[in-house]
Amino acid sequence: MKEELYWLWLSNISGIGRKKKDTLIECFQTPQKAFFASDQEIKEVCERFSFFTKNDLPNLLASRNIEKIERYDKKLIASNIQYYSINHERYPKQLRTLYDPPHIIYVKGKLVEEQQIKIAIVGARRC
Numbered sequence: 062m063k064e065e066l067y068w069l070w071l072s073n074i075s076g077i078g079r080k081k082k083d084t085l086i087e088c089f090q091t092p093q094k095a096f097f098a099s100d101q102e103i104k105e106v107c108e109r110f111s112f113f114t115k116n117d118l119p120n121l122l123a124s125r126n127i128e129k130i131e132r133y134d135k136k137l138i139a140s141n142i143q144y145y146s147i148n149h150e151r152y153p154k155q156l157r158t159l160y161d162p163p164h165i166i167y168v169k170g171k172l173v174e175e176q177q178i179k180i181a182i183v184g185a186r187r188c
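Sequence positions in the sequence shown follow the working numbering and run 62 to 188.
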């Protein structure tokens, strides 16, 4: 599985916000290592940090479903939507300079060159 799929997994874990995702990356170095961490290792992280709730452990463990992630990836591709993790070479440099840059961005169409004026639409997933 390509590295970007692990970022896709991380950014779509239900009920897990930015701070918890950042903590997983700090503890395991990469989303891929977090994905393949043992249940016990995930449990230890959840217990070590008080901001993890009792529901987070089951959500994390249940989310590690390769087939589901690959289906979502194929759905994005079929919809002509690309995604780039913060580590991807195509991730915009200007976004990386933000205080709290998104782990992943979704692009419908194509990214514009760095020198061009840009416009972005930010919105909720469910309105």
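Hint data in this document are derived by calculation from the structure and do not stem from the laboratory. Watch out, some of these pointers could steer you wrong.
Within a straight-line C-alpha distance of at most 30 Å, the following computed BS3-like cross-link-like pairs (lysine-lysine) qualify [said to hold, decoys possible]:
1. Lys104 <-> Lys115
2. Lys135 <-> Lys63
3. Lys94 <-> Lys129
4. Lys82 <-> Lys136
5. Lys63 <-> Lys169
6. Lys82 <-> Lys154
7. Lys136 <-> Lys63
8. Lys171 <-> Lys115
9. Lys154 <-> Lys136
10. Lys81 <-> Lys129
11. Lys154 <-> Lys104
12. Lys82 <-> Lys115
13. Lys115 <-> Lys154
14. Lys80 <-> Lys136
15. Lys63 <-> Lys82
16. Lys171 <-> Lys104
17. Lys80 <-> Lys169
18. Lys104 <-> Lys169
19. Lys129 <-> Lys115
20. Lys80 <-> Lys63
21. Lys80 <-> Lys129
22. Lys136 <-> Lys171
23. Lys94 <-> Lys63
24. Lys154 <-> Lys169
25. Lys63 <-> Lys154
26. Lys115 <-> Lys80
27. Lys63 <-> Lys81
28. Lys135 <-> Lys171
29. Lys129 <-> Lys171
30. Lys94 <-> Lys82
31. Lys169 <-> Lys115
32. Lys94 <-> Lys81
33. Lys63 <-> Lys129
34. Lys104 <-> Lys129
35. Lys136 <-> Lys169
A quick look at each hint next to the structure:
Proposed proximity of Lys104 and Lys115 is supported: the alpha carbons are some 10 Å apart, at most 30 Å. Proposed proximity of Lys135 and Lys63 is supported: the alpha carbons are some 13 Å apart, at most 30 Å. A distance of roughly 18 Å separates the Cα atoms of Lys94 and Lys129; the hinted pair therefore holds under the 30 Å criterion. Only pairs whose Cα atoms come within 30 Å are accepted, and Lys82 paired with Lys136 is accepted, the gap being roughly 23 Å.
For a cut-off of 30 Å, the pair hint linking Lys63 to Lys169 stands: about 20 Å separates their Cα positions. For the proposed pair Lys82 and Lys154, the alpha carbon gap of about 21 Å is at most 30 Å, so the pair holds. At roughly 16 Å between alpha-carbon atoms, Lys136 and Lys63 fall within 30 Å of each other, so this suggested pair holds. A C-alpha spacing of about 41 Å is found between Lys171 and Lys115, which places the hinted pair above 30 Å, so the restraint is violated.
Under the criterion of a C-alpha separation no larger than 30 Å, the hint pairing Lys154 with Lys136 is consistent with the structure, at around 27 Å. Using a Cα cut-off of 30 Å, the hinted pair Lys81 and Lys129 holds, with the two alpha carbons roughly 21 Å apart. Of the supplied pair hints, the one linking Lys154 and Lys104 is violated, its CA atoms being roughly 35 Å apart against a limit of 30 Å. The straight-line distance between the Cα atoms of Lys82 and Lys115 is roughly 16 Å, inside the 30 Å bound, and the hint therefore holds.
Between Lys115 and Lys154 the alpha-carbon distance is near 37 Å, which puts this suggested pair outside the 30 Å criterion. For the given pair, Lys80 sits about 27 Å from Lys136 by alpha-carbon distance, which is consistent with the 30 Å threshold. Note on Lys63 and Lys82: the hinted pairing holds, with a Cα-Cα distance of about 19 Å set against a maximum of 30 Å. For the hint linking Lys171 to Lys104, the alpha-carbon distance of about 40 Å lies beyond 30 Å, and the restraint is violated.
Of the supplied pair hints, the one linking Lys80 and Lys169 holds, its CA atoms being roughly 27 Å apart against a limit of 30 Å. Between Lys104 and Lys169, the direct Cα distance comes to roughly 37 Å. Violation of the 30 Å bound is thereby established for this hinted pair. A threshold of 30 Å between alpha carbons decides the hint, and for Lys129 with Lys115 the separation of about 24 Å falls inside it, so the pair holds. Taking the CA atoms of Lys80 and Lys63, the gap is near 24 Å; set against the 30 Å cutoff, the hint holds.
As the CA atoms of Lys80 and Lys129 are separated by approximately 24 Å, the hinted pair is consistent with the 30 Å bound. Taking the CA atoms of Lys136 and Lys171, the gap is near 17 Å; set against the 30 Å cutoff, the hint holds. As the CA atoms of Lys94 and Lys63 are separated by approximately 13 Å, the hinted pair is consistent with the 30 Å bound. Note on Lys154 and Lys169: the hinted pairing holds, with a Cα-Cα distance of about 18 Å set against a maximum of 30 Å.
The hinted pair formed by Lys63 and Lys154 meets the criterion: a straight-line CA distance of about 22 Å does not exceed 30 Å. Of the pairs offered as hints, the one joining Lys115 and Lys80 holds, with about 16 Å between alpha carbons and a cut-off of 30 Å not exceeded. Between Lys63 and Lys81 the CA atoms are separated by roughly 23 Å; this keeps the pair inside 30 Å, and the hint holds. Between Lys135 and Lys171 the CA atoms are separated by roughly 18 Å; this keeps the pair inside 30 Å, and the hint holds.
At roughly 26 Å between alpha-carbon atoms, Lys129 and Lys171 fall within 30 Å of each other, so this suggested pair holds. Between the alpha carbons of Lys94 and Lys82 the distance comes to roughly 13 Å, so the proposed pair stays at or under 30 Å and holds. Distance restraint check for Lys169 and Lys115: the Cα-Cα separation of roughly 36 Å exceeds the 30 Å cut-off, and the hinted pair is therefore not satisfied. Distance restraint check for Lys94 and Lys81: the Cα-Cα separation of roughly 15 Å lies within the 30 Å cut-off, and the hinted pair is therefore satisfied.
Among the hinted pairs, Lys63 with Lys129 is consistent with the structure: their alpha-carbon atoms are about 14 Å apart, no more than 30 Å. A C-alpha spacing of about 22 Å is found between Lys104 and Lys129, which places the hinted pair at or below 30 Å, so the restraint holds. Between Lys136 and Lys169 the alpha-carbon distance is near 13 Å, which keeps this suggested pair within the 30 Å criterion.
The structure does not agree with the numbered hints 8, 11, 13, 16, 18, 31 stated previously, though it agrees with the rest.
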